[in-house]
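There are 2 protein chains.
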Amino acid sequence: MEMTKDGTWKRLPSYRNFLDHMPESMVQEHAENGNRENRMFLRNTDEEGKGFEYVMFVNSSEKKMVCVFQPGPYLEGPPGFAHGGSIATMLDSTLGGCAILAAGRVMTANLNVNYKNPVPLGSVVLVETKVDKIEGRKLLISGQVRSIDGETLHTEATGERSTVLQA
Amino acid sequence: MEMTKDGTWKRLPSYRNFLDHMPESMVQEHAENGNRENRMFLRNTDEEGKGFEYVMFVNSSEKKMVCVFQPGPYLEGPPGFAHGGSIATMLDSTLGGCAILAAGRVMTANLNVNYKNPVPLGSVVLVETKVDKIEGRKLLISGQVRSIDGETLHTEATGERSTVLQA
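Protein sequence lines, in the order shown, are assigned to chains L and Y. Using this note's numbering, you'd call the opening residue of the first sequence number 1 and step up by one each time. Using this note's numbering, you'd call the opening residue of the second sequence number 1001 and step up by one each time.
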């Protein structure tokens, strides 16, 4: 929370259903597809502390997003470690936030993840993402997952998003 | 189920905790990391029909795995559609199964996903994966997610796994 004090970084609010989080105009627009019974994938477990435990911070001027992430015991892949898909999901969400910050509404085109070291369940890791390049409607983004002490590089990823043309 | 009749394809059992699924010798080996309170990421919701709804089929002689997948309402990304991370997770698991089939214990090295068309929540899709190449300890695998009628290509992916040297 220290880095939010000078206003450069802002903590993003958490939400379970997409519609709870959007301005009323967007809720109208998405009324056809949206459903309040749905749950955002990263908020799908009822039990506190068991699933995706995270908080995101955003730096608008530098177009960076950072996420402090602790995979809970319900994200298991290999015994005792987070499932590769849960790491991909956390990266995808943080990279996506980064792209939205830079370009508004976007769609995921590519996600390319290199797994270096598995993430133990219950450990706290830092997901850091940034926008590398904007080429027309295409955004190139990248990120890393590191241990909180910075010693271990767990995962690296690049992503591509395309902007959605507004009606 | 039709294709399992001649014995070429076999349906894989479903499980929630990794330890429930392993032979006793492997349970011993993983005792240090495993925990029966943990849950396999794809089986983390309590409510029937809300999360990863799927069944996997394996063809050992052709080193192929197929998964029939219906993303439930708790896997939401964009309103009404499956989260990109949930698609990556389903692909990762099916590709992983394919690699285990071909080479025994493996670790994920890379997952590269191209998103073509979003998958509506509740729709049924087919995830088809195969081993393309084995180079020493490296396995190259690939897969697609298509609508059940084959008309829509939702997602394409390639993956790389490395075999784990047995102690």
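Hint data in this document are derived by calculation from the structure and do not stem from the laboratory. There's no promise every hint is true.
Mimicking DSSO-like on lysine-lysine, the simulated pairs with C-alpha atoms at most 30 Å apart in a straight line are [as the list claims (entries may be wrong)]:
| hint | chain 1 | residue 1 | chain 2 | residue 2 |
| --- | --- | --- | --- | --- |
| 1 | Y | Lys1063 | L | Lys116 |
| 2 | L | Lys116 | Y | Lys1138 |
| 3 | L | Lys63 | L | Lys10 |
| 4 | L | Lys63 | L | Lys138 |
These are the hints, each one checked on the structure:
1. Lys1063(Y) <-> Lys116(L): holds (26 Å)
2. Lys116(L) <-> Lys1138(Y): Holds: Lys116(L) and Lys1138(Y) sit about 14 Å apart, inside 30 Å.
3. Lys63(L) <-> Lys10(L): Distance of about 12 Å is within 30 Å: holds.
4. Lys63(L) <-> Lys138(L): Answer holds: Lys63(L) to Lys138(L) is near 15 Å, not above 30 Å.
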